[in-house]
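Generate the whole structure from the sequences, applying the supplied hints.
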Amino acid sequence: MVTWILALIPHIKALHLAFLVVWIAGLLALPRMLARHNRAVVQAEFDQIRRATHYGFVWVITPAAVLAIATGTALVFLRDVFTVWVLAKFALVTGLVALHAWVGHTIVAVAETEGRHEPPGPLVPTILVSGLVLGILYLVLAKPDLGGVPMPAWLMEPLGRQLPFDMPNR
Numbered sequence: 001m002v003t004w005i006l007a008l009i010p011h012i013k014a015l016h017l018a019f020l021v022v023w024i025a026g027l028l029a030l031p032r033m034l035a036r037h038n039r040a041v042v043q044a045e046f047d048q049i050r051r052a053t054h055y056g057f058v059w060v061i062t063p064a065a066v067l068a069i070a071t072g073t074a075l076v077f078l079r080d081v082f083t084v085w086v087l088a089k090f091a092l093v094t095g096l097v098a099l100h101a102w103v104g105h106t107i108v109a110v111a112e113t114e115g116r117h118e119p120p121g122p123l124v125p126t127i128l129v130s131g132l133v134l135g136i137l138y139l140v141l142a143k144p145d146l147g148g149v150p151m152p153a154w155l156m157e158p159l160g161r162q163l164p165f166d167m168p169n170r
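To convert, note that position 22 of the sequence shown is 22 in my numbering; the numbers rise steadily by one, no gaps.
Just so you know, these hints were derived from the structure itself, not from any lab. Even glycine gets a Cβ: it sits at the ideal position worked out from N, Cα and C. You may find that some hints are simply not true.
To be verified - So the derived label-pair ranges between C-beta atoms look like this:
id: 1; residue 1: ALA7; residue 2: PRO152; range: 32 to 40 angstroms
id: 2; residue 1: PRO120; residue 2: TRP59; range: 38 to 46 angstroms
id: 3; residue 1: ASP80; residue 2: GLU118; range: 16 to 24 angstroms
id: 4; residue 1: THR3; residue 2: GLY121; range: 45 to 53 angstroms
id: 5; residue 1: PRO150; residue 2: ASP80; range: 17 to 25 angstroms
id: 6; residue 1: THR126; residue 2: LEU159; range: 40 to 48 angstroms
id: 7; residue 1: VAL97; residue 2: TRP59; range: 12 to 20 angstroms
id: 8; residue 1: GLU112; residue 2: ARG32; range: 19 to 27 angstroms
id: 9; residue 1: ALA25; residue 2: PRO152; range: 32 to 40 angstroms
id: 10; residue 1: VAL108; residue 2: TYR138; range: 31 to 39 angstroms
What follows is the structure in structure tokens.
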């Protein structure tokens with residue numbers, strides 16, 4: 001591999017961690033902000049909370065999530081880390097993505113549903129995000145040997161096949 005690319009790995013890791021911090025902080029903060037939505041709150045305060053959650057989700061949290069996943073995937077390929085614990089980490093990250101989608105759906109439901117829409121409390125999303133993050137941290141820091149976990153061979157080794165489409169010539 002080209003040495004200048006290898007020299008970028010620590011910087012990509014730092015970016016990955018920064019994007020993760022923003023994403024996870026958003027997944028923890030947005031449900032709390034939504035819980036602040038109260039019918040007793042005056043309309044101006046509700047509009048402020050609604051705008052903050054919407055813009056925070058669309059312009060901060062979602063880009064951070066996409067960039068965290070992109071930099072994490074790049075690190076897997078740059079470091080050539082194709083092990084079972086990485087696949088388990090991907091499964092937990094998929095859980096974070098599902099929670100991210102649920103938070104986005106809840107933001108839209110609170111903002112656009114006519115009548116009385118009661119947002120869920122922040123306890124369940126906080127517990128789920130915390131559990132997933134702790135699981136990811138365990139996998140990344142301990143790198144446990146999950147060799148005993150049965151995995152299909154096609155998932156663990158390159159098959160040497162071409163992509164199902166033609167690559168452009170240079």
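Against the structure, the hints come out as follows:
A beta carbon spacing of about 35 angstroms between ALA7 and PRO152 agrees with the range 32 to 40 angstroms that was offered as a hint. Judged by the Cβ atoms, the range 38 to 46 angstroms given for PRO120 and TRP59 is violated: they are separated by roughly 23 angstroms. As the Cβ distance of ASP80 to GLU118 is approximately 49 angstroms, the hint placing it in 16 to 24 angstroms is violated. Checking the proposed 45 to 53 angstroms range against THR3 and GLY121 shows it holds: the Cβ atoms sit about 52 angstroms from each other.
Taking the beta carbon of each, PRO150 and ASP80 are about 23 angstroms apart, inside 17 to 25 angstroms as hinted. Taken as a hint, the range 40 to 48 angstroms holds for the pair THR126 and LEU159, whose Cβ atoms sit roughly 41 angstroms apart. Range check, VAL97 to TRP59: about 18 angstroms between beta-carbon atoms, so the 12 to 20 angstroms window is met. Take GLU112 and ARG32: their Cβ atoms lie about 21 angstroms apart, and the range 19 to 27 angstroms holds.
One distance hint, 32 to 40 angstroms for the beta-carbon pair ALA25 and PRO152, holds here, with the actual separation near 36 angstroms. For VAL108 and TYR138, the hinted distance range of 31 to 39 angstroms is satisfied, since their beta carbons lie about 33 angstroms from each other.
Going down the numbered hints, you'll see the structure goes against 2 and 3, while the others check out.
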